[in-house]
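Sequence order for the protein chains is A and B. The first sequence begins at 1 in the numbering used here and counts up by one. The second sequence begins at 1001 in the numbering used here and counts up by one.
Derived from the structure by calculation, the hints contain no laboratory data. Keep in mind that the hints are not guaranteed to be accurate.
Stated by the list, open to error - With a Cα cut of at most 20 Å, we get these calculated EDC-like pairs of lysine to aspartate or glutamate:
#1 K1087(B) - D1052(B)
#2 K65(A) - E1148(B)
#3 K1060(B) - E1128(B)
#4 K65(A) - D1017(B)
#5 K1087(B) - D1136(B)
#6 K1060(B) - D1048(B)
#7 K1060(B) - E83(A)
#8 K1087(B) - D1137(B)
#9 K1087(B) - E1027(B)
#10 K1060(B) - D1083(B)
#11 K65(A) - E1128(B)
#12 K1060(B) - E1027(B)
#13 K1060(B) - D1019(B)
#14 K65(A) - D1015(B)
#15 K65(A) - D1083(B)
#16 K1060(B) - D1017(B)
#17 K1060(B) - E77(A)
#18 K65(A) - E1047(B)
#19 K65(A) - D1030(B)
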Amino acid sequence: MVRKFLNRVISRKDLSIDAINAFVEGNASADEIQLVERLIRDDASLERDLSTQQALRSVLGRIEKIEAPRSYAVTPEMVAAAEGHDSLLSRVAELFAPQRKLALAPAAIGVIAAVGVALLTIGDATGIVDQSSSSQGESFSTAEISESADGGASSPGVAGSPGSSDSSADMFTTEKASSSTAATAAPSAAAAPEFDSADDSVVAESAEAPVAGLVGPDTDSQEPEPPSLMMEAPTNALIPDVDEAASVAGSLDQDSSLQQAQRDSISPVDSSEAELAYAEDTAFEPASSNDGISLPLWQLQAALAALAIAAIGAWAGLRRAHGG
Amino acid sequence: MTSFDEQRLIQLTRDGDYDAFNRLVVEYQDAVFGVVLRMVRNRATAEDITQDTFISAFRKISSYRGGIFRAWLFRIAKNSSLDHLRKIARRGETSIDEDIVYFSETVKDDSQDPEADALNAELARLIEHCMGGLSDDHRFAMVMIDVEGYQYDEAADAIGVSIGTVKSRLNRARARMRDCVQQDRELLPVSMRLYDKEN
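Using the sequences and the accompanying hints, generate a full structural model.
Structure below.
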């Protein structure tokens, strides 16, 4: 209905424009002349305007045609020079997007990538996003878990605290294995009860003093070790089937939504068994073998920036290749 | 040249035949150069754009999907011309030959009267000035229809818009030209002065 209405309005406007144009050009039909005469009755100034336009058009029509001053014949050398003059980028852009309208695609990609870089930079500056852990830390964690597997579930060793081998740390093994990433942030301990932990007391202890665990390592061997000693181990070193979301969450340790995704990826099996099985699987593998796609922050920024530059360059080249 | 010949020459051009294409060039170079010159108003630039237009046409002949071949050439020329005009507008430069008015010497008058010739020259200079004040889109429509005398469908093909849009642009262009030339009423032909606002 709206479309019909708009069409009616537009066509009515077109009718008057058509009639006026035809009148000025001297080839108006009887209907168009009637319409113009009605318009002139409504607006007396229109008559003189149309007369002026008619006179102007007659002057423009008397302008002689311009002749080309020389021949513009095309030679193979000219074509070769033009092809050589085109930038490599524009040729690639032309190859991938021969239609002018598709030039918007690389432009859109470039804008999205540029926005990604900006968001990461802002997140980095404001502290929302952190640089992910290095491969050295991951290697260390894997080694620790391997050691833990060798010693059995009763003497796991505490990741990130090689010297701490007190038996009281056993209480934390389950907690560490099942929710080590949760231990990287203060609120994480509250999430621990979601898992079917073997030792509920440990969960309760962690939930009571999560902040203290972030302050610094507690050397008191009689007390349960704070979660800070465990959060050194990257999540993907402890979780057998860590997915891409979990890898990224390792670098975005304050992003609660990603942490939730990570927790969701943890299967509620006995954590000691999982730890043992994983340690066996990964004992002789490089630390990064199960990392999946995991880009540290600066690399991600650089990759996105390169993508943005390439896409915008392709867009510019494509516009140039299309002559627009 | 018949339509058949043109299509055959286009087909030969697709096969890489330069001679066939250059016959098309000879046929259309005056038209392309005239439109480009009236758009960019600089002879050297118009020559460059015209040459580039034909080189681009040869290279992209495979993208020609039928229709009026001359309009397809005009579209390439128009894009190149508008590119050039945007570039100089961005730089804040002007490449217009201020001393050369491309209408002044070409308004035909059969009167053989020197005074009339002088008046026509002044009138043409005024038209040149007023056309320079139009937007690129409006000027292109006016050059195509009123100056070069092409049909609406060919102009629409060349500009890449609908016929209705061409008519609308032309209508506005004529109205602006009318307002502009009325500012120098003494240069106008009598027929245009009859409806002077003061009378």
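Hint by hint, here is what the structure shows:
no.	hint	verdict
1	K1087(B) - D1052(B)	holds (16 Å)
2	K65(A) - E1148(B)	holds (7 Å)
3	K1060(B) - E1128(B)	violated (34 Å)
4	K65(A) - D1017(B)	violated (29 Å)
5	K1087(B) - D1136(B)	holds (13 Å)
6	K1060(B) - D1048(B)	holds (18 Å)
7	K1060(B) - E83(A)	holds (12 Å)
8	K1087(B) - D1137(B)	holds (16 Å)
9	K1087(B) - E1027(B)	violated (30 Å)
10	K1060(B) - D1083(B)	holds (18 Å)
11	K65(A) - E1128(B)	holds (15 Å)
12	K1060(B) - E1027(B)	holds (18 Å)
13	K1060(B) - D1019(B)	holds (16 Å)
14	K65(A) - D1015(B)	violated (33 Å)
15	K65(A) - D1083(B)	violated (24 Å)
16	K1060(B) - D1017(B)	holds (14 Å)
17	K1060(B) - E77(A)	holds (16 Å)
18	K65(A) - E1047(B)	holds (16 Å)
19	K65(A) - D1030(B)	holds (8 Å)
Of the numbered hints stated above, those contradicted by the structure are hints 3, 4, 9, 14 and 15, listed in ascending order.
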